[in-house]
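Residue numbers (our numbering), protein chains in the order written: chain F, -19 to 259; chain E, 9 to 459; chain R, 9 to 307.
In short, the hints are calculated from the structure, not lab data. We treat Cβ as the ideally placed atom computed from N, Cα and C, and that holds for glycine. Take these hints with a grain of salt, some might be off.
Said to hold, decoys possible - Taking lysine-lysine and the DSS-like style, the derived pairs with C-alpha atoms no more than 27 Å apart in a straight line are: (1) E:LYS189 to E:LYS277; (2) F:LYS82 to R:LYS17; (3) R:LYS110 to E:LYS453; (4) F:LYS34 to E:LYS254; (5) R:LYS64 to E:LYS449; (6) R:LYS227 to F:LYS82; (7) R:LYS16 to F:LYS82; (8) E:LYS77 to E:LYS453; (9) F:LYS114 to E:LYS355; (10) E:LYS86 to E:LYS403; (11) F:LYS(-10) to R:LYS110; (12) R:LYS61 to F:LYS84; (13) F:LYS41 to E:LYS321; (14) E:LYS254 to R:LYS61; (15) E:LYS277 to E:LYS86; (16) F:LYS34 to E:LYS77; (17) E:LYS449 to E:LYS64; (18) R:LYS64 to F:LYS84; (19) F:LYS84 to R:LYS227; (20) R:LYS64 to E:LYS454.
To be verified - Taking beta-carbon pairs under 8 Å as the criterion, some of the chain R residues facing chain F (in silico): (21) TYR142; (22) LEU145; (23) HIS159; (24) GLY194.
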Amino acid sequence: MNSALRFRWKSNVLQAFLIVFAIVQLYPLVWLVLTSFKTNLEITGSNVIGIPAKWMVENYKYVLISSNLGRNFLNSIWYTGITVVASGLLASMVSYAVTRMKWKLSKVVLLVIMSGLMIPVHATLLPIFILLNKVELLNTPWALIIPYTVNAIPTAMFILVGFFSALPRELEEASVVDGCNIYQVFFRIMLPLVKPAIVSVSIFTFLAAWNELMFASTFINDIQLMPITVAINALTGTYRTEYGPIAAGMVVATFPTILFYIFLSDRVQKSIVAGAVKG
Amino acid sequence: MSLFRNMATIGLTSVLAAGLAACGSNSEKESSASASASNDHAASSSASSSPAEKIKITMWSQFSDPNSKDGGFIGFFKALEATKAQFPNVEIEHTGLEGESYKTKIKTASAADQLPDIFFSWGGGFAQPFVAGNRLLALDDLVQDGTKDKLVPGTTDNFTFDGKLYGLPTNIATANLYVNKELFESAGAPLPTTWDELVAAINALKAKNITPIALGAKDRWPAMFWNSILDIRMGGTAAVNAALNKTGSFDIPEFQEAARKYKELFDMKAFGENPIGTSYDDSINMFLTGKAAMLYMGAWVNGQINAEDSQVKGKVDVVKFPSIPGGKGNVDEWHGGSGETFFINAKVDHKDTVWAVYKFFMETMAKEVFIAGSGSSAWKGDMGDTSKVDPLAIKIGELSASATGFSYWWDQMLNGNDTESMFTSLMSLTGGKLAPEQFNKELQKKLNSGK
Amino acid sequence: MQQVFSNKKAIAVFVLPTLILFVAVGFVPIVQSFYYSLLDWDGIGTGHFVGFKFYKDVFVDDTYGIQFVNSIWNTLYLALLSVMIQIPFAFFVALVLARGVKGERFYRTLFFIPVTISSSVIGLMFLQILNPNYGVLNTMLEQVGLGSWRHDWLVEEKTALSSIFLPAVWQWVGYYMLLMYAAIKGISEEMLEAAKIDGASGWRATISIIVPSVAPIIKVCIVFAVIGSLKFFDLTFIMTKGAPQPVTDVPSTLMYNSIFRRNMYGYGSIMAVFMVIECLLAYFALQWLFRTREEGVGR
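So here's chain F without its partners, still in its complex pose (with noise of 0.2 Å):
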């Protein structure tokens, strides 16, 4: 009798404390949808908490009709998905390499993808422009989903790296005996189990490259090829800044993110529920 009782408080307290934790964390998005809806008069000091006095969907219609935002929506669309297809194989495949493989080199390659990790990402800023510069990539796609690709990699590959050396090696064994090659243990056999891992990687790849400002800023003359960061940052004038027409594009550009998230992490849980990983 005891225990059970003390079974159920404990479970409350559980819940009570998810609860508060929630309020928390999704109070940033109600501020900032609330915030959209309202006059920059309001945003700057005369309303900040409250409901907007008078919903100004003129804010979202400033953002979404007037502006380029569809076709600068597109673009980060495009050059986010392509950056994380294309750093997360790289990224597993390196990181499986790495960990797995056996030659001399591997731990040498894993130093200099790390160092990636440290560089103050400002700092390269001006030699990724001369490079881009002398193969005429500037003012194009590449000048934006190549860096993002090569930043995005030395964080994956750190997840991946962990994820891989935490997995029992009995699983390759078996399948090398039952006569799989290197390429079919990897696609078929390890890259499953790590689902979760890419699946994080994924995500932080994504949110990463889909927020990325500087580069794009710096980069891309043509406003047809500008992504949505840059789109909603030239809201912000010197002296007068559109706030609500800015949070109203930050919502805009904040729901694919949440979607993806939502989306990918739903997946992965059905498959692994479903049994994919075997004993």
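The hints should help you fit chains E and R onto chain F, whose structure is shown.
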């Protein structure tokens, strides 16, 4: 495997969607997209086989939002349209980027020698590195064609380096003392014309729980405005300009007194309780909602003051900044001047065409910005229909017609490094960590060290 | 067996494309930064070589009053906060979720939302919350009668640093939580079953089975947290716009300032080089610290 199928699906769909969207837009953009940054400018670039040779001019600026209500932005885009209409055989390709991002972009492009044909810039110290790097086209010969005579005297000072001119002015910006007449009346204070009247007004407003002056010191430059105008009143624009271009000194008794007055204002809470924690936007908001009685700011706020949703519409007047007894300056010396311009790339092709387009554009922009109510034109001549111009802009024009001297914003007069040093010292003074006497000494030392 | 795993051609296929791309675009800039750090250059025209002259200035003389060394301590403080508070907390939440509670999917999504919102938004939002005049925090304190606790949070020395780090810690909790959640979920059911049969249950199962199994990921999180703290930029930049005062400076913002505002590209590159070396040292230190634990787990 299904994971990859998902990823692939997303990837493919996006590529297809974007591809379709891209095909839908003009194919001309595709050819410009595959070209490198700007080196094939002005040569007959278009892939189409049009008979007349269209010249392409690339232009970058910080005017990023075509729908902005900022007077400067409105003026720019109107001028751009007019210029495009005026020169049908020229294709002007404009890229607008927000301020900070814009600065990063042109500096990076300059380092790689990939600047566009025409680009927006600030003069003075900001432009120095571009001049030193030989990136800019000198205009001295070109302005002899009559352009020089059209300009108001003194408006090209910030664009002249080593005696050579590199940019034309558009507008004369001034920092103005805006006063909320209604609040002054309720406090029973007359609009100040001298320092003592200003202090009296501040005390009267405080007694009524009205924040005397709105100040966004968090953004640093609004505080800089106050320091500058006090220096101008105490020492005169000539002395200030001399100190800024290092032929004079900051460490003179007049500026010491100005620094003491600066501190006095903060000590008596003339700027409210938390000026350093208040951003520029916050301060404008305070003024626009009638919470503060005074605001010392550039004319770009005219549009916001008289906007539909402003709570102070029609209640605001502009006065000359008060005089300070014992100061060497006078009320007709203004903080401001002409400091924004566009530069031409030294390597530009089709010089004559570019020059014709450029000078037309600059003059038109000067006019359009004035009509939008954000500053007087630096070009002489007929401004056209001024009946709809904001009354505040007109008043400012009247007040400044008798100006005897200008001293521009310090964070543009000084080069990048000196600007940061100046701000650091200024914020120390503002935060009470630096004594007024030390401030000017430190400023003089830092700005003249090394070289 | 050996042969399959040492197939040279396969290794090349797996590694070379990435390596080449990375060296060209990711590694070369580091080398170039090192070269730039030896120049007196404004980043706009051409520079000239001065060797290590400016290195001394950055760390010792500080003629420009930048206080770079001071900023390093700030990031170390953030690193400490992250490791001591943020990661254990994230682990706890991940554990609770992964073990199955009502609404697991719902909470999991919710907790991750701050991570998806860009730093600019979070920065702006906290600027509003911490605003001394009308911010939520001060207003609430006033209303519950704790008016004397009002502060100018981002300005006053005692509170400024923590006020900047609060949104940072909070933004990334979801990130670490997700990683550890994925790791815990990945532990095969069989292992947990086996442990239960052996008599371990509840918290004992946690400590003896789960922690060692996800140790590699916890290590990853810690490395990220530390390196991320040392490189911290976004939120500081947005919330202080280049700092009204040195107490909230971090190396990244000072580097950005030096390069893009002071037009001292060489000087700023020294800071960049320092940060790379600093992170490398931290990385090695952490690797060494965790070395013994990993070997203990060994399969």
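These are the hints, each one checked on the structure:
{"no.": "1", "hint": "E:LYS189 to E:LYS277", "verdict": "21 Å, holds"}
{"no.": "2", "hint": "F:LYS82 to R:LYS17", "verdict": "12 Å, holds"}
{"no.": "3", "hint": "R:LYS110 to E:LYS453", "verdict": "66 Å, violated"}
{"no.": "4", "hint": "F:LYS34 to E:LYS254", "verdict": "53 Å, violated"}
{"no.": "5", "hint": "R:LYS64 to E:LYS449", "verdict": "25 Å, holds"}
{"no.": "6", "hint": "R:LYS227 to F:LYS82", "verdict": "23 Å, holds"}
{"no.": "7", "hint": "R:LYS16 to F:LYS82", "verdict": "9 Å, holds"}
{"no.": "8", "hint": "E:LYS77 to E:LYS453", "verdict": "42 Å, violated"}
{"no.": "9", "hint": "F:LYS114 to E:LYS355", "verdict": "18 Å, holds"}
{"no.": "10", "hint": "E:LYS86 to E:LYS403", "verdict": "24 Å, holds"}
{"no.": "11", "hint": "F:LYS(-10) to R:LYS110", "verdict": "13 Å, holds"}
{"no.": "12", "hint": "R:LYS61 to F:LYS84", "verdict": "39 Å, violated"}
{"no.": "13", "hint": "F:LYS41 to E:LYS321", "verdict": "26 Å, holds"}
{"no.": "14", "hint": "E:LYS254 to R:LYS61", "verdict": "26 Å, holds"}
{"no.": "15", "hint": "E:LYS277 to E:LYS86", "verdict": "42 Å, violated"}
{"no.": "16", "hint": "F:LYS34 to E:LYS77", "verdict": "20 Å, holds"}
{"no.": "17", "hint": "E:LYS449 to E:LYS64", "verdict": "51 Å, violated"}
{"no.": "18", "hint": "R:LYS64 to F:LYS84", "verdict": "39 Å, violated"}
{"no.": "19", "hint": "F:LYS84 to R:LYS227", "verdict": "24 Å, holds"}
{"no.": "20", "hint": "R:LYS64 to E:LYS454", "verdict": "18 Å, holds"}
{"no.": "21", "hint": "TYR142", "verdict": "6 Å, holds"}
{"no.": "22", "hint": "LEU145", "verdict": "11 Å, violated"}
{"no.": "23", "hint": "HIS159", "verdict": "18 Å, violated"}
{"no.": "24", "hint": "GLY194", "verdict": "5 Å, holds"}
Consistency with the previously given hints fails for numbers 3, 4, 8, 12, 15, 17, 18, 22, 23, ordered from lowest to highest.
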